[in-house]
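Number of protein chains: 2
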Amino acid sequence: MTGTTDPPRARTTPTGTTGLRIGELARRTGVAPRLVRYYEQQGLLRAGRAPNGYRTYTDADVERVARVASMVRSGIPTRLLKVILDMEEQAAAEAPHCPRTVAELLAAELSGLEDRIACLTRSRDTIRAVLARTEHAALLSEAPAR
Amino acid sequence: MTGTTDPPRARTTPTGTTGLRIGELARRTGVAPRLVRYYEQQGLLRAGRAPNGYRTYTDADVERVARVASMVRSGIPTRLLKVILDMEEQAAAEAPHCPRTVAELLAAELSGLEDRIACLTRSRDTIRAVLARTEHAALLSEAPAR
DNA sequence: CTAAAGTTTGACATTGATGTCAATGTCAAG
DNA sequence: CTTGACATTGACATCAATGTCAAACTTTAG
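Protein chains in written order, with our numbering: chain A, 110 to 255; chain B, 110 to 255.
Everything labelled a hint here was simulated from the structure, so no lab data went into it. From a predicted model like this one, the values you see are computed outputs, not experimental measurements. Ideal placement from N, C-alpha and C gives every residue a C-beta, glycine not left out. Incorrect hints may appear among the rest.
To be verified - Chain B stretches covered by chain A per the calculated footprint, using a threshold of three residues with CB under 8 Å from any CB of chain A: (1) 152-166; (2) 213-219.
Said to hold, decoys possible - Below 20 Å or equal to it, Euclidean Cα-Cα: the simulated SDA-like pairs (lysine to any residue) are: (3) B:K191 - A:D224; (4) A:K191 - B:K191; (5) B:K191 - A:G184; (6) A:K191 - A:L219.
I would like the entire structure built from these sequences, with the hints used as guidance.
This is how it looks when you write it as structure tokens:
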């Protein structure tokens with residue numbers, strides 16, 4: 110394993126856009142390439158394509174991927190996730206066009222979200238408390254006390 | 110569907126304990142009986158047994174079941190979940206005995222929890238904002254503005 | 001006693017999220 | 001050109017969470 114060939118270099122386009130490829134994206138987000146493709150297949154992401162067929166990503170995509178991964182891990186079903194992300198884009202644009210059915214679906218999920226947040230928060234506090242009480246308080250270095 | 114037979118009645122024991130059976134529990138928590146058994150099998154729950162073999166639950170179990178279900182839906186892996194619940198009990202008792210390895214595992218999960226909470230919160234806000242902006246603001250009746 | 005509803009255990013199917021493998025193409029270094 | 005790292009697509013495997021079904025027992029209504 111003597112690293113002879115340098116890891117792939119992000120190719121800086123003349124416009125200054127840093128076109129990442131999937132490997133770089135994976136490294137930056139901690140999300141396996143396999144999953145990135147999966148999320149794209151599920152309609153949660155879109156990726157540009159280099160002339161050779163490679164997927165290309167922007168810095169903005171890095172954030173999006175991280176967010177998608179985090180939400181998936183939080184148990185948000187991919188369908189809902191897609192709707193949410195689409196909404197954020199539309200909201201950023203301007204036209205809050207939102208059919209009744211979708212609105213109801215969202216309203217229903219809203220309380221579910223509240224529950225999850227509450228549960229996670231409680232669990233977080235539990236973990237913090239336990240770590241703080243044991244001799245492993247040092248491990249609390251990260252995650253500021255809020 | 111002419112309901113002739115009454116739904117099972119919780120049998121009040123001489124001690125005043127309300128011994129629920131799995132069906133009642135399911136109705137109160139919204140968690141399918143199948144899942145309650147599953148969670149028990151996974152070591153996330155314990156249930157008393159009536160002389161006839163039926164599982165019996167206390168009011169405290171109702172809360173616990175609801176919490177377990179919510180956390181599972183939030184993407185907490187069952188192994189971690191078990192650890193957390195056990196910790197809460199021990200913490201309630203007194204002896205915060207916590208081997209190093211477990212502590213590290215928890216510390217690692219802690220930041221993950223922070224992330225999830227942040228993501229969910231953001232999503233919640235997004236949904237609220239969208240609902241509020243559309244004509245479906247009425248659906249916001251539940252979920253207080255915090 | 002009988003029927004209906006509830007419960008038990010256990011087996012099997014499914015769905016979603018991921019891991020893994022395979023065959024092939026691209027690209028940069030030597 | 002050859003090699004090695006990375007990418008692509010697609011098939012297959014795995015794991016957790018749930019749904020579904022079946023056979024047998026319990027309880028309660030009539």
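Quiz item: Which hints, by number, does the structure contradict?
Solution: 1 and 4
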